[in-house]
Every structure is written in structure tokens, then in C-alpha cells.
Amino acid sequence: MKFRTATLASSIALASFSAAHAADTNDVLTNYADIALAGYEDSLTTAKALRVAVDALVSSPSEATLQDAKQAWLASRVPYQQTEAFRFGNPTVDDWEGKVNAWPLDEGLIDYIDGDFGTNEENPFATANIVANASLEVAGQTIDASAITPDLLESLHELDGIEANVATGYHAIEFLLWGQDLNGTEHGAGARPASDFDTANCTGGNCERRAQYLVAATDLLISDLEDAVANWSADGQGRADVTADGTQGLVMAFTGMGSLSYGEQAGERMKLGLMLKDPEEEHDCFSDNTHNSHYFDGLGVRNVYAGRYVRIDGSVVSGPSLYDVVKAKDSVLADQLMSDMNSTMIALGDIRTAAEAGTSYDQMLAAGNEAGEALVQNAIDKLVGQTRNIERAVQLIGLDGVSVEGSDSLDNPDAVFQ
Amino acid sequence: MINRTLLAALALSTLALPSWAQVVDHAAIRERALSTLEAQFGEFAKAASELSEQAVGYCAGESRAEAFTQAYHNAWLAWAPLDSYQFGPIEQRGAVLRIGFWPDKKGFVGRGLRNLLALPEAALSDPDTIAGASAAAQGLPAIEYLMGSDLQQCPAVIGISAQVSRVAEALYADWFAADGWSELTRQAGPDNPVYLSDAEVSKELFTAMDFGLTRIADMRLGRPMGRFDKPMPRRAEAWRSGLSFDLIQAQLSGIGALLEAGFKTEDNKDDIETLLHKLAEIQSRIEAFDAPLDVVVTDPITRFRVEAVQTETRLFQLALTETLGGGMGLKLGFSAADGD
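These protein sequence lines are chains E and Z, in that order. Position 186, counted from 1, in the first sequence is what the UniProt record's numbering calls 186; the numbers after and before it change by one each time, with no gaps. Position 195, counted from 1, in the second sequence is what the UniProt record's numbering calls 195; the numbers after and before it change by one each time, with no gaps.
Careful, some of the hints might be misleading.
Computed footprint of chain E on chain Z, listed as stretches where at least three residues anywhere in the stretch have a Cβ under 8 Å from a Cβ of chain E [claimed, not checked]:
(1) 43–56
(2) 75–84
(3) 256–264
(4) 323–336
Keeping only pairs whose Cα atoms sit at most 35 Å apart, straight-line, the calculated DSBU-like set for lysine-lysine is [said to hold, decoys possible]:
(5) Z:46 <-> Z:264
(6) Z:46 <-> Z:105
(7) Z:269 <-> Z:46
(8) Z:105 <-> E:48
(9) E:329 <-> Z:264
(10) Z:105 <-> Z:264
Derived CB-CB ranges, DEER-like [claimed, not checked]:
(11) Z:25 <-> E:327: 26 to 34 Å
(12) E:327 <-> Z:298: 50 to 58 Å
(13) Z:150 <-> E:141: 30 to 38 Å
(14) E:27 <-> Z:288: 50 to 58 Å
(15) Z:183 <-> E:328: 46 to 54 Å
(16) Z:152 <-> E:367: 17 to 25 Å
(17) E:235 <-> Z:170: 54 to 62 Å
(18) Z:304 <-> E:161: 16 to 24 Å
(19) Z:92 <-> E:369: 30 to 38 Å
(20) E:308 <-> Z:170: 39 to 47 Å
(21) Z:117 <-> E:369: 33 to 41 Å
(22) E:226 <-> Z:70: 53 to 61 Å
No lab work stands behind these hints: they were computed from the structure. Here a beta-carbon is modelled for each residue, glycine too, at the ideal position from N, C-alpha and C.
Using the sequences and the accompanying hints, generate a full structural model.
Okay, structure coming up:
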């Protein structure tokens, strides 16, 4: 759904809606922003826990400390993936997102890879290996990478304008913790040994720089998430974007739900991998945690609609919701859309069930695995189906096709968080 | 980068709301649109069938590489208008990925082909083998890649071309067979699983045109443009065969055909004519380039002209939204362009 400009959204009054339900809309959008804030706060909390575990790993590398760090990373994905429903439709958030969750990546930019896996002939930096190289040649210039710092990683992110050069964020950290998954579409995730971080008995070479990279990337993730929390706090731009104008706020909320459901999750993240039959084309390809990433993306969409979010400590943020907004006009449609989302969660839950029982997501992508393909395709169909009723809800409450771009924002990305 | 708000302001200031009637005969729009789609899907099926025949002749040494090259170019140009229709049969068959896999952000075409060529040679001329491979190795970009590489072309191009032809025929049947998607659009109503009203069909077609324009402005032009100081010529679609601009032209023509045949009525014909005139201007601007897209984006002077085409395309998109949105009350739906 294309929402063209913020200016248009605020200048074209939608009298029938805003007059009758102005107060409700404010409450709905405040609750929406509160859920966003809670989600980013939880993401920050779990990233800080990850930092503690990473510290333990690099100061005392062992299979136990590595396992703890992996567990901390897995936990950190639970709240973060649920925030993705806040991305699309809100340019402030969408421009920021690439710093923390960029994917897919040419991991050979970061560290050693197996020769046959992960190379990309179209990316000259696909095997640049920052961990092993204290300087890099980029477009005739030498980049000093002797100290691996958050600033350096930020400067190397999307190096040379190539999107697969992901130097920062969750997936860079995931690769450093797990290493490449060399099992193809057989069972098994990446199996990096803890000794890759052990400067005394180093495997894989450059253990000190690898540890430096892991620490720097985690620190950067924390500072980026601090920006996100600020963005949704009382004076934050993200909150202001959705609460300043009721119509625009609802447009952003519905855009976030529809764009994540359809173009992003059903399309880029699920259908593409299914069609490429490529085990690397899964969202969490090193850790084999894709089933959870998809599940919590889907749940994030439902959270927004239902106006309810279960925090990492078990407490619940809930309040007036988009469901209530739709229900006031058409209770059948409101319930149908809720039922769609529940069906989506069951379908995503099926994938998760099989994965937790030992058939991981990359196995489902294997050529000839009809049962796995059917599970993934069913979830895609449910996501596409719910998008149709999201569109109908948008039409029903009279939101016009007029606001910000859904994704790939065109407007000044540098203005974010300044 | 041009700011969207500015664009919208420009568009608003130059466009009055259409004066034509609000009563819209959506069933009539659908019938006219369906004939356009039937012609476009038919063209693609025909070109793909010829491609399949040419591949056999080429590998048998009966025809020259030029004839086969021309055949895959023709098939690609016939496919280009269909790229806008990413719903229904195209979505269900994953045809956009199978036929025209792009953008290729991680070298999937090359990798998919290498995996494919590792299979027994005898199996490669069989479209079933191809259908079971990576989507990136199944379509026209895969043929283009093979023809420009030193990888073994035959018999893989036979299998790939046959697979393209098979998908093309299946898409035509999915749409226009007795119980096809066209029939589903004709039976729009409360019990229809997809279209609850005739207006929802119009909305789908309107969204498809808008989506096609987004694909052109943001992706087909935007990706190779990169940043001003960092153009990305290798991101141009079909740069190996020099078809980048031709594919854009073909897609624009397809959008124009659907707009004119489907949406022009006695009441709104002046507004639609204005839109078609704008579209023709964009096409003339593209026609005026004397080098392929991947070349012109690397020269600051000509890159500027590419940016102008991109801006014009976005303005056209806004004008289309204002015209169909204002006059017909149509709203845009979500599309596959809404992801990253």
C-alpha cells in the first residue's frame, strides 16, 4: 500500500472518522506507541544481557560461555522481532532498522567462511574478512581497520553501497556466535568452536580481533536500541509521528501491519527462500532460529491489531486497539481480521512446532520436501489472506492512500535521530 | 534525492480534481481490462513457446546464437508488462521469481546455475529438472547469464526455455481457462474468496499499475542510479544483454495499455488522455538515451537525465493516483513492493 506523503495525510481531513472518534483514536495510538516503547525497551534489556554473556565469552572462552551467549542472542530476538510491525509506514523507524536487522548478508565480509559457501561474485567484499585484515582497500582508498570499534563497523556497514555488506546488527552477531551453517538443507546450525575466541588456543585465526568485533557489534546494537527507545519515549520522533495526527497515525499503524505481512514476511522472507530452495536464504541462517523470527514477526502484527503485548517479564501492555477502531464500524470485519491473524499464528506455530521437534526451517526449504514446503506455503497464504482484510479495514475507516512511503523510504535517511 | 512531500505538493498544485461522474461501472472496467490482460499473457505465452523452439534449434546447431538471443529478448520484453500483475496466478506460481528473478542481491543466478549444471547433463533438457531447481536458475536472467558466460549452455538452455514456456502457458490457463482467475473476478461478490465486490477488482488493477510504476522508479531506475557519487551500474536489470531500458519501456507500454483500454470511459477520457500523454513523454525521454542504462548512470550528465525520468515516473504515479483515486474513488491496496 502506497501512502504518499505525510503532508497530504494531515492536510486532507477525514471528517467522518476523526470527528466521531477523535478521543478514541488518541487512546488507540497512545497504546500503540506504548507497545512500541515496551518492545524496544525489552529489546534493549535483552541486548544488555547479551552484552554480559559476550563479555563472559571473550574473557573466558568455553563451550559453556559460548552456549550462554547464544541463548542470550536467541532471547534477544523474541522482543525485537515483535517490533518489526512498527517499521513500515514510519520512515523514522524504517531508516533506522537497517542498522540492527539488515539481511541477507555476505558474512565473508566479517570473518572466515568455507570456500564454497557464501561467496558472491557480484560483491568484491564478499570475502573481505575484516577479522583477518587490519586494512581494507575500497575504491582505491585504504580503510584502517586495525582497531575494531563500533565507529569502524558503522562505517563499513553496506560498504561500497552493497546491501549484502552487513557489518552490524543482530545477524552479524549471530554469525560471530554460530559461524556458517555448513549443513546445507540437512539438520544442524552453524558450529563455531568457542576456541575461535580463545587467544591462548586460537582456532580460526585472529581470535583477539574476532572477540573485538563481537564486543563492538554488541555495543553498537545497544546504542542503536537506545536510540529506538528514545524514539518512542515521550518526546521521541517515532511517537510524535503517530500521535500528532490521528489519521496519519492510523495510516502508519495499518501500513506497518500490511507491509510486514505481505511484501516483507510473505514475500521477501518466506516465498523467496522457498523458491530459491537455498538454505542460506532463511532469516536466521546461522542459528537456525528462523522459525522463531517468523513467528514473532507474525505475533508483532497481531499485537498491533489487538493492542496487546506480553513483555519479557510476563507483564502485559494493553489498551484500546485498532481492532476496536474497526469494530466500531464493522464488527464482522473486525472479527474476521482477528480470526485471520489467529490462523496465521497457528500456521507460523506449525512451522515452529516442527522446527522445535528437530526439522529446522532450512530443511523445509529443501528441494523435494513437500511437507516442509506445504507448511511454509500455508503460512504465506495466511499472511496474504490477512492482508486483504487489512486493506478492507483501511478502506472501511476511511483512511485515504495518502501518507508516507511504506518502505524503502525515499526521504532523508540522515535526519533520523538527529 | 527528490523529496516525496515536494513531489506531492507539485502534483496537487497542477492537478484539479477530475470532474467526471462518481458512478463507475466496475464490471465494464473489468471486462475491458481482461481483454488487455488476455492479450498480454497471450503474447508472453507465444514468445516463450518460440523461445523453447529456438533453444532446441540452437543446441542442435541448426540455428545461430543470434536467433536464440533474439528469442529470449522477445520473451523478456513480452514478460515485462506482466511484472506489474503480482497477484493471483503470478503470485501463486511464484512466476516473478521463476521468470524474471531480479534484483539479484547475492549472486543467486550464478550460484543457482552452477548447482544446476552439477546435475547429470541428460536431465538438464527436462523442464521438470529445472522446475525443481532454484528459481533464480529457471528463468530469463538465467538464460542471459549462461549466454554471457563460459558455462556450458546446452542442453541447460533447452530445459530452462521449456520451463519458461510451461510457466507461460500455465499462467495463461490460470487466468483465462473456464474456471480461471478471470472468472473469479467476474464472480466478485460477498461469497467470493478474494473479491467481495467489482470495485475490489478495479482496485487490484489500479494497485497493479501503481506497483509497476514503483518497480520502475524505485527498482529498475533507482537501484542502478545508486547515490550521485556512487552509481551502481551492475544493479541494472538485464545489463548483460543491454535490455534495461527496453524492459522499462515495455512495462510502461503495458501500464498505458491497461489504463487506456480498462479505465478510459466517456466521462473521464480527457483526464486519461492527459495521463497517456504524460506517459508518452516519459517514454520519449527514455528513447532519447543513446546508451544502455548501466552506462548512462555512470556519467553525471546522463545520470541527471535518468533521475529526471525517475522523477517524471513518480509524478505520473501521483497523477494516476489523483485521477483514479479522485474520480473513481479507488484506493490503493498493499503490494509486493511494500517490503524492503
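Status of each hint after checking the structure:
no.	hint	result
1	43–56	violated (count 0)
2	75–84	violated (count 0)
3	256–264	violated (count 0)
4	323–336	holds (count 7)
5	Z:46 <-> Z:264	holds, 28 Å
6	Z:46 <-> Z:105	holds, 30 Å
7	Z:269 <-> Z:46	holds, 32 Å
8	Z:105 <-> E:48	holds, 32 Å
9	E:329 <-> Z:264	holds, 33 Å
10	Z:105 <-> Z:264	violated, 39 Å
11	Z:25 <-> E:327: 26 to 34 Å	holds, 33 Å
12	E:327 <-> Z:298: 50 to 58 Å	holds, 55 Å
13	Z:150 <-> E:141: 30 to 38 Å	holds, 32 Å
14	E:27 <-> Z:288: 50 to 58 Å	holds, 55 Å
15	Z:183 <-> E:328: 46 to 54 Å	violated, 36 Å
16	Z:152 <-> E:367: 17 to 25 Å	holds, 21 Å
17	E:235 <-> Z:170: 54 to 62 Å	holds, 55 Å
18	Z:304 <-> E:161: 16 to 24 Å	holds, 19 Å
19	Z:92 <-> E:369: 30 to 38 Å	violated, 19 Å
20	E:308 <-> Z:170: 39 to 47 Å	holds, 43 Å
21	Z:117 <-> E:369: 33 to 41 Å	violated, 23 Å
22	E:226 <-> Z:70: 53 to 61 Å	holds, 58 Å
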